[in-house]
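There are 2 protein chains.
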Amino acid sequence: MEAGRVNRRIRVYDRRSENEQQVTGKLLETSGLDFNGFLKILHRKFAIRSHETFVLVTTDRTVLDFDNFEKLQDDSTLHLLQREDQALALATEESITFKPHYNTLIRSGMYEYYASAGQKPLPYTLAELIDNSISATAKNTGVRMIEIRLMFDESLGKPAVIVLDNGCGMTSKQLNNWAVYKLSKFFRDNGTFGSKQEGYVRPDPVPRSLNSDISYFGAGGKQAAFYIGDSARMITKTVGSPDVHELVISKEDFERKEKNKEDVYSGTIKNRKVGDSSHVTKDDERFLRSLIAEESAKESFTAVIIMGVLPDHIRFLKDNFAVWTRQLAHTFHYYIHGVNGKNMSSSSTNSDHLPNIDIQITLREKPPRCPRVMNLREVENDMQTLYINTAADTFEFKAYSEQNTGTVEGIIRYHPFLYDKETYPEDPDADQVSLDDDNDDNESRVLHQARGKRPIFNCFWNGRLIPYTTVSEFDWCSQSKGAKELAECYNRVSGVLFTDDRFTVSTNKLTFIELELILKNKDTIFTRIVNGQEKKRSAPPSLIKAQRSNIQKEFTQWLKNCHEKLDKQVKFMGHMETITRTDV
Amino acid sequence: MEAGRVNRRIRVYDRRSENEQQVTGKLLETSGLDFNGFLKILHRKFAIRSHETFVLVTTDRTVLDFDNFEKLQDDSTLHLLQREDQALALATEESITFKPHYNTLIRSGMYEYYASAGQKPLPYTLAELIDNSISATAKNTGVRMIEIRLMFDESLGKPAVIVLDNGCGMTSKQLNNWAVYKLSKFFRDNGTFGSKQEGYVRPDPVPRSLNSDISYFGAGGKQAAFYIGDSARMITKTVGSPDVHELVISKEDFERKEKNKEDVYSGTIKNRKVGDSSHVTKDDERFLRSLIAEESAKESFTAVIIMGVLPDHIRFLKDNFAVWTRQLAHTFHYYIHGVNGKNMSSSSTNSDHLPNIDIQITLREKPPRCPRVMNLREVENDMQTLYINTAADTFEFKAYSEQNTGTVEGIIRYHPFLYDKETYPEDPDADQVSLDDDNDDNESRVLHQARGKRPIFNCFWNGRLIPYTTVSEFDWCSQSKGAKELAECYNRVSGVLFTDDRFTVSTNKLTFIELELILKNKDTIFTRIVNGQEKKRSAPPSLIKAQRSNIQKEFTQWLKNCHEKLDKQVKFMGHMETITRTDV
Ligand SMILES: Nc1ncnc2c1ncn2[C@@H]1O[C@H](COP(=O)(O)OP(=O)(O)OP(=O)(O)O)[C@@H](O)[C@H]1O
Ligand SMILES: Nc1ncnc2c1ncn2[C@@H]1O[C@H](COP(=O)(O)OP(=O)(O)OP(=O)(O)O)[C@@H](O)[C@H]1O
Ligand SMILES: [Mg+2]
Ligand SMILES: [Mg+2]
Chain L
1 MEAGRVNRRI RVYDRRSENE QQVTGKLLET SGLDFNGFLK ILHRKFAIRS HETFVLVTTD
61 RTVLDFDNFE KLQDDSTLHL LQREDQALAL ATEESITFKP HYNTLIRSGM YEYYASAGQK
121 PLPYTLAELI DNSISATAKN TGVRMIEIRL MFDESLGKPA VIVLDNGCGM TSKQLNNWAV
181 YKLSKFFRDN GTFGSKQEGY VRPDPVPRSL NSDISYFGAG GKQAAFYIGD SARMITKTVG
241 SPDVHELVIS KEDFERKEKN KEDVYSGTIK NRKVGDSSHV TKDDERFLRS LIAEESAKES
301 FTAVIIMGVL PDHIRFLKDN FAVWTRQLAH TFHYYIHGVN GKNMSSSSTN SDHLPNIDIQ
361 ITLREKPPRC PRVMNLREVE NDMQTLYINT AADTFEFKAY SEQNTGTVEG IIRYHPFLYD
421 KETYPEDPDA DQVSLDDDND DNESRVLHQA RGKRPIFNCF WNGRLIPYTT VSEFDWCSQS
481 KGAKELAECY NRVSGVLFTD DRFTVSTNKL TFIELELILK NKDTIFTRIV NGQEKKRSAP
541 PSLIKAQRSN IQKEFTQWLK NCHEKLDKQV KFMGHMETIT RTDV
Chain E
1 MEAGRVNRRI RVYDRRSENE QQVTGKLLET SGLDFNGFLK ILHRKFAIRS HETFVLVTTD
61 RTVLDFDNFE KLQDDSTLHL LQREDQALAL ATEESITFKP HYNTLIRSGM YEYYASAGQK
121 PLPYTLAELI DNSISATAKN TGVRMIEIRL MFDESLGKPA VIVLDNGCGM TSKQLNNWAV
181 YKLSKFFRDN GTFGSKQEGY VRPDPVPRSL NSDISYFGAG GKQAAFYIGD SARMITKTVG
241 SPDVHELVIS KEDFERKEKN KEDVYSGTIK NRKVGDSSHV TKDDERFLRS LIAEESAKES
301 FTAVIIMGVL PDHIRFLKDN FAVWTRQLAH TFHYYIHGVN GKNMSSSSTN SDHLPNIDIQ
361 ITLREKPPRC PRVMNLREVE NDMQTLYINT AADTFEFKAY SEQNTGTVEG IIRYHPFLYD
421 KETYPEDPDA DQVSLDDDND DNESRVLHQA RGKRPIFNCF WNGRLIPYTT VSEFDWCSQS
481 KGAKELAECY NRVSGVLFTD DRFTVSTNKL TFIELELILK NKDTIFTRIV NGQEKKRSAP
541 PSLIKAQRSN IQKEFTQWLK NCHEKLDKQV KFMGHMETIT RTDV
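These protein sequences, in sequence, are chains L and E. With the first letter of the first sequence counted as 1, position 343 gets the number 343 in the working numbering; the numbers rise by one all the way through. With the first letter of the second sequence counted as 1, position 204 gets the number 204 in the working numbering; the numbers rise by one all the way through.
These are computed hints drawn from the structure, not numbers from a lab. Wrong hints could be hidden among the right ones.
To be verified - Covered stretches of chain E (chain L as the covering partner; in silico rule of three or more C-beta atoms under 8 Å from a C-beta of chain L):
(1) 53-65
(2) 179-189
(3) 241-251
(4) 272-281
No residue lacks a Cβ here, since even glycine has one placed at the ideal position from N, Cα and C.
Given the sequences, and given the hints that come with them, work out the whole structure.
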């Protein structure tokens, strides 16, 4: 009986008469009433005669009675009819709400970062968190410090993945916005007082689109956190603010609120003084105390603490430390090493041009196991480092498309044949990456075909790698259109494409949406860049064809020069083939 | 001034004293008060002395004054301090809400169905709507009628995509649930009275997993609708209900509600009698009247009406009618034609086994252009039809994996070499599908290498195609492990894998998550099926190796038999190669 006595308003439409004129229903306050009490009000409000037969049904045509009336929810809609199956003379309107289910947040990453062709996507979820830290530190004057701490030492608490930066931090309003799924920077309103929508300001173009503006969907952080674990704690502080803001969203909270019929999307930001860890009471989280103790050392910061980390992920991160750190070093290569990438031979560090982004990884296990610590700058065998340091010459170009006004810069690198072997680097991850191509791979190793069937271009978006999209080649740098005598040389090139975010990527930042389609359109113009200058200004459409044959001519000439000057011993492929064939 | 007089409750934390003990703040009702009025209350509630200096700041440390007080939103949190930069002795708590942004719904499809390698994903968004109709008609006793009507005749209203079925329809509560993004069947509560959660009942296993249970994420319908256009109208009715329920969600509504600071996820279901189109007043939508007039012909139905269709999509649907209908015919091949697929040679229609799913497409343009009408059953050149009708023998198997208890059935088909040519069918879409592989394709056509480099297996999930996932081969059916003299024959097989939904797919149903990884695990057991019977019962782990060599032996034997009995003219590939090579 008590259950019926909650605050409850019910809208009733009177549709007994076929001639009913009243479009809207009447809103009845039923708090504290049982079914009989409700019927009394009903008789009065709708002038029901005492012996009149009528039924009250839900919009699903369930007939109301003493029992189910109790279960009726606030804001329900009922129809008052003569008969249970009477048609509605006039339509009625029923209020509903349809907030996305909380799985929108906690399962978002699960199917987003799906394992494509056997690749483990976990490193790319960490990349989302690094993206955010790179954006946040864009205006730092000093060093931009980004740390990933893998807290797998159970003596300090339950396993946690922490990403920490000394970036601009977030105000409480910004922290609130962080939690709003798909609220991208293009829609955001960061003022406490509502309408102060500043509007997104696109950063100025910079070489290689290294603009640090690597966020787009308002999704990455949440997807990454809930792919890795089941809760995310954000701790953040802006410059000059005496307060630290803290927010936790977790699967457990969502489930509890759902069960208690509370608003699943309500939460609490804790505002507290710097270094105050008095709220950390759970033993599982005791590592937070030392983290919070570090707060006073930074003017501003953000820490993302992910807990409930899946055991599979912990295993992967421990067992494949070299693999995933290399993938991250590749992904952020140009942010870490600057527009020219890591040049291992240059003796002077040329500190003027060196970027100041430090991405440091620490993996802490239970002693006596030592913590593993690595700065991604130290990685020497990520693909970009290998490409850059085996390249003997480069061919730079830009692409202009009519369909897309975005910037596209390209580099092709020549990896010469030197003293009986190809210098085109092998992919240290090849075995992990392609499960299928065992045959192809072995083949290419045996025949030593340099690039083999691998695509030429890796593709970067606002300066960071989009790992699952490659572009195999353009017609002007394709072997099939090239000179026969250079056949081997077409196999000795690697390449990189840099676009800005006018080329869109999928929400998981694993693939470009239409890069290849656009670039391979017949209207795309390619021009060579020499010493930072375009050799030809972009031409009117009538000259496109000329332009295309132009870039092809220049590329072929460059390749020929490379071959003549750089290949240190000519490998007679034709001859070798003959030998192979006589074996048969 | 008026702006300040709205209903507004503000929580104030007194943190003037370092010794403050009170953890929670005080909730003040400020409706109708301006800043001075508010200060009066404040003095009283917090015993502020008359000459005491204090400041009131937001949690972003903005100092409150007469002007910005007006703009303060309901449920804001303020700090009462001695000084602007005073640290918080005790933490404070601020209520926030973080409902996902409406882009979650309206942009969900945009980056979900991204164009992968040049494929147009539009047909696969239509497939999502067909999925829903197949599920909804699962229990139909008569024919299961699914119609896609492309209303591109501007003389009837603005362009619209309509998907219509005679399935079970939805109650108003179910229609409300339809709109809740990511509320999957596993979480749903379909009763009007709350807690009556029926719980999802997994359908019994059926051959080829054709269980009609093709929904999983609670996302497909919304993603598809907002990929195709900018509004979705659902019109639906269940058996026996006198009422039709109607719900519209649209980008425009979301934007309007956002602007007016209304709840973006509130909406209205219209309940009305069958055939009542009195609410259709906009000229743009006048085609709805005839659609609504059809309602009385069906006991139950659902219609999805998508408007604001992107011009690009309209163009694609008009210009590539044959292509996308073929893709849909391929996707739903086994639902349309039954477990054995379309057999064009069988004269009798064998109506017992024929399924009763009709998927009919109508594309209506402005007269005098005739409407194009096609039943997907009529398509004769979808890949499955081509495979089935060129196959001369089949090899069936099942796979058992320790990691995944799902069902995997497989068929391999042999396409013999007949009278000087391969019968392995060519993909009618090959040119559209793979932009890159021009070279490879030409090559394979010239050399007529049957399958060439194409993967063997297409993969079906609960009976429908997952189009972007293929499995190239298993070791036991791989040429590299097979007998040399059968080399050509390994190229003459195509295959199909059927799994149930214990193998998960990405939210867009374009790729499997880990199918290949699981199936290629060393612990997976394959057994041959002959006449519907397993030849060997699944073996204990110790026998796996034996099993694997078993399936390989059986497959090789089968292939040999196929070659000997079915290939009508032996093609001496070795000899041809010699000829080719002497040309060089
Ligand atoms: N480390 C950080 N420091 C400061 N602000 C951050 C940090 N991480 C996230 N944010 C803020 O939270 C917002 C939401 O982050 P999230 O990664 O979820 O989406 P996004 O970066 O906007 O878009 P994307 O989906 O492309 O990642 C960011 O736009 C940024 O304003
Ligand atoms: N044509 C229809 N007839 C009856 N019910 C439908 C129809 N279309 C959708 N529904 C209901 O609405 C729900 C939501 O549909 P939606 O396609 O958005 O997600 P889903 O089918 O549950 O999951 P998925 O993301 O796999 O498509 C369905 O589960 C089903 O209950
Ligand atoms: Mg981000
Ligand atoms: Mg669906």
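Report holds or violated for chain L covering the region 53-65 of chain E, Cβ cut-off 8 Å, minimum 3 residues.
-> holds (count 5)
Examine the region 241-251 of chain E for residues whose CB is less than 8 Å from any CB of chain L, and state whether their number is three or more.
-> holds (count 6)
Are there three or more residues in the region 272-281 of chain E whose C-beta lies closer than 8 Å to some C-beta of chain L?
-> holds (count 6)
Given that the region 179-189 of chain E was listed as covered by chain L, double-check it with a C-beta distance under 8 Å for 3 or more residues.
-> holds (count 7)
In this structure, none of the earlier numbered hints is contradicted; all agree with it.
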